[in-house]
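Asks: Same order as they appear, the protein sequences are chains A and B. Residues are numbered in the numbering used here as their position in the first sequence, beginning at 1, plus a constant of 33. Residues are numbered in the numbering used here as their position in the second sequence, beginning at 1, plus a constant of 103.
Worth flagging that the hints you see were computed from the coordinates, not collected in a lab. One or more hints might be untrue.
With beta-carbon atoms standing in for the labels, derived distance ranges [to be verified]:
#, chain 1, residue 1, chain 2, residue 2, range
1, B, Ala111, A, Gly98, 27 to 33 angstroms
2, A, Lys50, B, His234, 34 to 40 angstroms
3, B, Glu197, A, Arg69, 16 to 22 angstroms
4, A, Pro58, B, Ala127, 50 to 56 angstroms
Cβ atoms here follow ideal geometry from the backbone N, Cα and C, with glycine treated the same way.
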Amino acid sequence: MSTKLIYFAWVRERIGKPEEDVELPAGIETVADLLRWLKSRGEEYENALQYPDVIRVAINQEHVGHREKIAGAREIALFPPMTGG
Amino acid sequence: MASTIVPAIRVQREDFDVAAEIAALTKGRADIGAVVTFSGLCRDEQGALTALELEHYPGMAEAEIGRIAAEAIERWPLQGLTVIHRHGKIAPGENIVLVVAASAHRQAAFEAADFLMDYLKSRAPFWKKEHRADGSEGGWVEAKEADDKAADRWKTPGR
Chain A
34 MSTKLIYFAW
44 VRERIGKPEE
54 DVELPAGIET
64 VADLLRWLKS
74 RGEEYENALQ
84 YPDVIRVAIN
94 QEHVGHREKI
104 AGAREIALFP
114 PMTGG
Chain B
104 MASTIVPAIR
114 VQREDFDVAA
124 EIAALTKGRA
134 DIGAVVTFSG
144 LCRDEQGALT
154 ALELEHYPGM
164 AEAEIGRIAA
174 EAIERWPLQG
184 LTVIHRHGKI
194 APGENIVLVV
204 AASAHRQAAF
214 EAADFLMDYL
224 KSRAPFWKKE
234 HRADGSEGGW
244 VEAKEADDKA
254 ADRWKTPGR
């Protein structure tokens, strides 16, 4: 099953694309696993995800923590801390 | 508890009219005793900025504001609630965000509006990028720790 990843703000700029569909390899169970795997995919990902602790994540358009399981996620979004309002 | 109100939530590129939004909330009502509005505007930071570009997560922006509004309605006896957040390029002096909270008495309206703004700032998926007057590449506005602290004030045990 492929998962849609969506990026916003400087995460989007550094990765160089707004979204992509990926096939997650076996063993990627949590948000933290996903961030670690993505970071290893190339320089642009390394750049965007250099400090994984600051990256905020939403699964199916709801905020989640880094320990959240990603099984069944259709859409996972990665973004910096929000600055609306 | 009496019937639950349905908040009006809009995420839009266009400007809004504060007076018209208050009128829409209170028209034909005789039970509302207090309306608190908060408008957030774009600043130019002493002439350094020509605009802010607001990026948002379509779908989640509406959903998250809806979740925050639902929590406000659960916590305070509100009789009306409108939340509007703009996106796109916004010039200094223009509106960015509006909260209108109506209640029988002022305390609930004040507190609900305050809560909504604290939560919008730290949880609604919007990001501001600066357009600088000197033509240099503008950066992304950094989240402030003070805003997270402000949101933490409203945490109740068990949530």
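Asks: Please check whether Glu197 (chain B) and Arg69 (chain A) have a Cβ separation lying inside 16 to 22 angstroms.
Replies: Between Glu197 (chain B) and Arg69 (chain A), where Cβ atoms are some 41 angstroms apart, the hint is violated.
Asks: Could you check the hint for me, namely that Pro58 (chain A) and Ala127 (chain B) are 50 to 56 angstroms apart, CB to CB?
Replies: 52 angstroms, holds
Asks: For the pair Lys50 (chain A) and His234 (chain B), does the Cβ-Cβ distance stay inside 34 to 40 angstroms?
Replies: 23 angstroms, violated
Asks: Given the hint of 27 to 33 angstroms, check if Ala111 (chain B) and Gly98 (chain A) actually sit that far apart at their C-beta atoms.
Replies: Holds: the Cβ-Cβ distance is about 31 angstroms, inside 27 to 33 angstroms.
This entry does not satisfy hints 2, 3, going by the numbered hints stated previously.
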